[in-house]
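When you get a sec, could you build the whole thing from the sequences and use the hints?
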Amino acid sequence: MSTIAEPYAAPAGARESLSVALHRLGRFGRLALTHAILLSGVVFILTPIVWMLLTSMKPGNEIFSAGLDVLPKNPQPVENYGYALTSIPLLRMMLNGAIVCGGILIVQLLTSIPCAYALAKIRFRAAPAVFAMVLLGLCIPIQAPALPLYLALANLGLLNTYVSLMLPFFLSVFAIFLFRQFFKSFPDEIIQAARVDGMSEFEIVWRVVTPAAWPAIAAFSIFSITAHWNDLYWPLIVVSRDSLATPPLGVAFFFDPESGSDFGSLMAAAAIISAPLVVAFLVAQRQFIQGITMTGVK
Amino acid sequence: MKALLTTTTLAALLAGVAASAQEKIELEVFHAWPGHARFHKPMAEAFMAENSDVTVTFRAPGADYGIAHLAVLRGSLSGDMPDVFHSGLNLVAPLGRILSARGAILPLDDLMAAEGEGWVEANYEPNFLAIGAVDGVQYGLPFNASTPIVHYNATLIREAGGDPDDLPSDWDELIELAGKIDALGDDVWGMSYDVHDFWDDWLFQALIKQQGGEIMNEAETEVAWNNEIGMRAVDLAVRFVEEGGMPLISKEESTTLFCSGQKGLHFTSTAGVRGFGECSDGNFEYVTGLYPVENLETGGVATGGNVGVILASDSAKQEAAWRYIKFISGPKAQEMAVLATGYMPTNKLATGPDHLGDFYAENPNWQTSVDQIGRAQPYYGYPGTNGVKIGRVQMEIFGELMAGEISKEEALAALVEETEALLPPTN
Amino acid sequence: MTALADAPAASPAPVRGGVARQELVQARFGYAFALPAMLLMLGIIIGPSLVVIGISLTDYELGVLDWRWVGLGNYEEMLNDRKFWRSISNTFTYVAILVPSAVLLGLAVAIMVHARTRTKRFYEVIYFLPVTTTLVAMAIVWNFVLHSKIGPVNALLVAIGLEPIAFFSDRDVVLWSLALIALWQLIGFNMILFIAGLSAIPQDLYDAAAVDGADGWLDKFLRVTWPMLGPTTMFVVVTTSITAFKVFDTIAVLTDGGPRGASEVLLFSIYLEGFEYFRMGYASALTVAFLTFILLFSLVQAWVIDRNVHYR
Chain E
3 MSTIAEPYAA
13 PAGARESLSV
23 ALHRLGRFGR
33 LALTHAILLS
43 GVVFILTPIV
53 WMLLTSMKPG
63 NEIFSAGLDV
73 LPKNPQPVEN
83 YGYALTSIPL
93 LRMMLNGAIV
103 CGGILIVQLL
113 TSIPCAYALA
123 KIRFRAAPAV
133 FAMVLLGLCI
143 PIQAPALPLY
153 LALANLGLLN
163 TYVSLMLPFF
173 LSVFAIFLFR
183 QFFKSFPDEI
193 IQAARVDGMS
203 EFEIVWRVVT
213 PAAWPAIAAF
223 SIFSITAHWN
233 DLYWPLIVVS
243 RDSLATPPLG
253 VAFFFDPESG
263 SDFGSLMAAA
273 AIISAPLVVA
283 FLVAQRQFIQ
293 GITMTGVK
Chain D
263 MKALLTTTTL
273 AALLAGVAAS
283 AQEKIELEVF
293 HAWPGHARFH
303 KPMAEAFMAE
313 NSDVTVTFRA
323 PGADYGIAHL
333 AVLRGSLSGD
343 MPDVFHSGLN
353 LVAPLGRILS
363 ARGAILPLDD
373 LMAAEGEGWV
383 EANYEPNFLA
393 IGAVDGVQYG
403 LPFNASTPIV
413 HYNATLIREA
423 GGDPDDLPSD
433 WDELIELAGK
443 IDALGDDVWG
453 MSYDVHDFWD
463 DWLFQALIKQ
473 QGGEIMNEAE
483 TEVAWNNEIG
493 MRAVDLAVRF
503 VEEGGMPLIS
513 KEESTTLFCS
523 GQKGLHFTST
533 AGVRGFGECS
543 DGNFEYVTGL
553 YPVENLETGG
563 VATGGNVGVI
573 LASDSAKQEA
583 AWRYIKFISG
593 PKAQEMAVLA
603 TGYMPTNKLA
613 TGPDHLGDFY
623 AENPNWQTSV
633 DQIGRAQPYY
643 GYPGTNGVKI
653 GRVQMEIFGE
663 LMAGEISKEE
673 ALAALVEETE
683 ALLPPTN
Chain A
2 MTALADAPAA
12 SPAPVRGGVA
22 RQELVQARFG
32 YAFALPAMLL
42 MLGIIIGPSL
52 VVIGISLTDY
62 ELGVLDWRWV
72 GLGNYEEMLN
82 DRKFWRSISN
92 TFTYVAILVP
102 SAVLLGLAVA
112 IMVHARTRTK
122 RFYEVIYFLP
132 VTTTLVAMAI
142 VWNFVLHSKI
152 GPVNALLVAI
162 GLEPIAFFSD
172 RDVVLWSLAL
182 IALWQLIGFN
192 MILFIAGLSA
202 IPQDLYDAAA
212 VDGADGWLDK
222 FLRVTWPMLG
232 PTTMFVVVTT
242 SITAFKVFDT
252 IAVLTDGGPR
262 GASEVLLFSI
272 YLEGFEYFRM
282 GYASALTVAF
292 LTFILLFSLV
302 QAWVIDRNVH
312 YR
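These protein sequences, in sequence, are chains E, D and A.
When you read off a place in the first sequence, starting at 1, and then add 2, the result is the number in the working numbering.
When you read off a place in the second sequence, starting at 1, and then add 262, the result is the number in the working numbering.
When you read off a place in the third sequence, starting at 1, and then add 1, the result is the number in the working numbering.
Among the hints, erroneous ones may be present.
[Claimed, not checked] Cut-off 27 angstroms, straight-line C-alpha distance, at most; resulting in silico cross-link-like pairs (DSSO-like, lysine-lysine): (1) K513/D / K121/A; (2) K651/D / K84/A; (3) K247/A / K670/D; (4) K651/D / K670/D; (5) K513/D / K221/A.
[Stated by the list, open to error] Where chain E lies over chain A, by a calculated footprint (3+ residues, C-beta under 8 angstroms): (6) 121-133; (7) 139-152; (8) 264-272.
I should point out that these hints are in silico values taken from the structure, not numbers from a laboratory.
Bear in mind that the values here come from a model prediction, so they are computed numbers and not experimental data.
Don't be surprised by glycine CBs; every beta carbon is placed ideally from N, CA and C.
If you want it as structure tokens, here you go:
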């Protein structure tokens, strides 16, 4: 902390005067102000979530009732959560979600790590072109190639399979981008030493560089899983059977805009399927932030 | 191709159930609106109890009729089709035309004839059967049907000095009542007729048809409401806002507002009766009333809903599918569908004393939909493939009109011009 | 710091033997490593996109048997359609609202949270919660929370003497409402990225700045934090703008493009034409236009990144 010796020192400009004013607030005052701002943000963040959780416990006639009676008068959590779990195979859908997210993630890692390594540490002529392709791929949303992809999958007889749910996402250009930054900061000396020891590039990727990249992998995993767990667009196109449905399809099942009477169960289902992601984040939180720090996105 | 399909199906019918008793036939059914699973599933179970040789499974439901229609068209490209599909009524015509060109939809005329003399007459009203026919060929059996009715908040009617037992019977009375309710306070709104924001052009067609008007001329070359009928429709829309206290909000907000008990009356499908019954329970008194048809001679309302069509190509499946759609449009299954939503029964026998008769006597809110059966007219499907877009374009014009951005004359001219621009070019 | 150190790959002095040979072997591995990703790229993104370009030259309608080539007819129709230009303008308005607010608020929250000790984890978890939620459910929640007549937010506005806002039915407001919802999800996401960036700034830089006479919070921010966060900021700007361009879900479930087309963005027009009206040819032409825009946009961004941030 610096010192403001003279309380009436004339500040040179507006910037200084703000700085000085904040400084004068004192440590306690600034702390209180920061928390006040952060907590008002917390209110903004939590309002919809709290409303969702409260609604998940309400019977149909209380959901849109007038006034600001936010608390359920006749809470029926058991009915709503029970109905969400029993009327559709929600647990099965979560298992499907886990299989799909897991499959996508594994292939994404297998294809993006070597590519990212090549871009970061190997000199080859096509490298700039490959990197340009990566940037290009970053920008194309799934909606653009959706119809040809659908027809291709249909011709291969792959509709209504796990493969069709996963295939369009096997390549993550975001992962290549992220890992490339991480590998850039990996010391060249270690790689060179491994080469001298007679390790092939293949071994270097998987046995030297990847083990050091765990935090980055954890970070990317969170990004990947949250994106695909909640994706509704693609599963709706390629899956027409309950047995392969992913979690958001389960939530959509209670969506009845004509009457809205099932919204209690809908919110219950939504809360249930969000829970694993919250847990995953809590578990991976430290590694996650550390991982991004190390990817050089800083 | 059609003939071939039908012949093979008949052959399968003649061969009878015996042939298929060996192994179970799997029928895959696809419907729109996830909420409808609530009656589709029990119906399928009841069917399987009577038909032990068939297993019925469901595809994940389409979010609405358009999305379900799209999924079937995509499936026709990839060969991944359900065996039975519940097609939205405004989409039966494009579906029938596109799929019959591929031989991918089964005409039902011969199957119906094979049921014997008088079967059709005993089960279906002719106007209901007509909604499943395209270019003279029957493709669908009516399953869910609904017409727009008025959903009232009787508590607000009383507060405004009205009488819920004597509901408005014409537009002037209705708008006047809505205006009185709207005047009750800042947190109460009079009415809504969401012709500016709906899933399709159903509410607009009702405004034309209730005057006895047609949607297109006989040759289907131009719209039939470029006249005082169209002007009347446009005028009513403006009066809803100006005199009836209708807020220009989205259809979702509109539903929520009625459920909250802060809106006097709400026009939507009879299918909402159950949902509104639930959300009003303990909050306000809820009653339903007839759509105020002006022309009692030829006027009516457009019928929404869906018909069951057969897309299966395998003859054994076609035969089972025929049994299935017969069953679900039959009195027993209709009873289930009606009770789950408030849809109109599409089978004559369902309203009889054996089935829903007593229920209707005890639940007058549900009776409205039956009272309106005689006024149910086909939901007109525009020629060509732009039906959905036409609906959307019209809604946007109504939005501008009701927001006061364009005059009534401008609105009607725009409605006519933009609708006709989307029709297929005439030779 | 490491990102700024920009050593070219494979720079260390070669060990005995043919440098050329070693580099040749390495280069082969380079190709081999990039190959699976590039094949996937070809099969999943490039190939289908070429098909889309092909379809854009036809009058193909989904499911219909006969179609014909129409050349650039779809593009002609597109350029003459005022709705196309409206959706372009809506898209850019939305991006212009969302990107600055999501980046700046994410940064502000990150700076405040990063300085916490005991409450850091608490804030991180709370702000990250929206990322885990499912849109179908949140759409219903927002629809009620921001309801123009009976929503709690408007009840609050009225209670403090303000006019209620028609979040989803006022043409001038709807894009802001949608951006607000996107912001709700993006703040936490961007905050995490910025916190990562902040934790990599060495404390001695702040100490040095203090010696140079930087006092107060704002001075330190401008002299140390902001310049050091350069690469993070660029990365966040890139990902946020791509997210903004891709907006679709909230529009599909909350506004359906309305009121009167005021929230019809390009991706939603593509959806309408292709998946509601089944005009695949025209939808494909719109898709090509969309891809062209987003490519130009990212080329500019890549160029800016290359110039201002030493990524390579």
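Comparing the hints with the structure gives:
Our distance criterion of 27 angstroms between C-alpha atoms is broken by K513/D and K121/A, whose separation comes to about 42 angstroms. Of the pairs offered as hints, the one joining K651/D and K84/A holds, with about 13 angstroms between alpha carbons and a cut-off of 27 angstroms not exceeded. Proposed proximity of K247/A and K670/D is contradicted: the alpha carbons are some 37 angstroms apart, above 27 angstroms. Proximity of K651/D to K670/D is assessed by CA-CA distance (about 22 angstroms); at most 27 angstroms being required, the pair is judged to hold.
Distance hint between K513/D and K221/A is unfulfilled; the C-alpha atoms sit about 51 angstroms from each other, more than 27 angstroms. Chain E is given as covering the stretch 121-133 of chain A, and this holds because 11 residues of the stretch bring a CB closer than 8 angstroms to a CB of that chain, at least three being needed. Here the stretch 139-152 of chain A counts 7 residues with a CB under 8 angstroms from a CB of chain E, which clears the bar of 3, and the coverage holds. Only residues whose beta carbon comes within less than 8 angstroms of a beta carbon in chain E count, and the stretch 264-272 of chain A has 3; three or more means the coverage holds.
Violated hints, listed in ascending order, are 1, 3, 5; each of the other numbered hints is respected by the structure.
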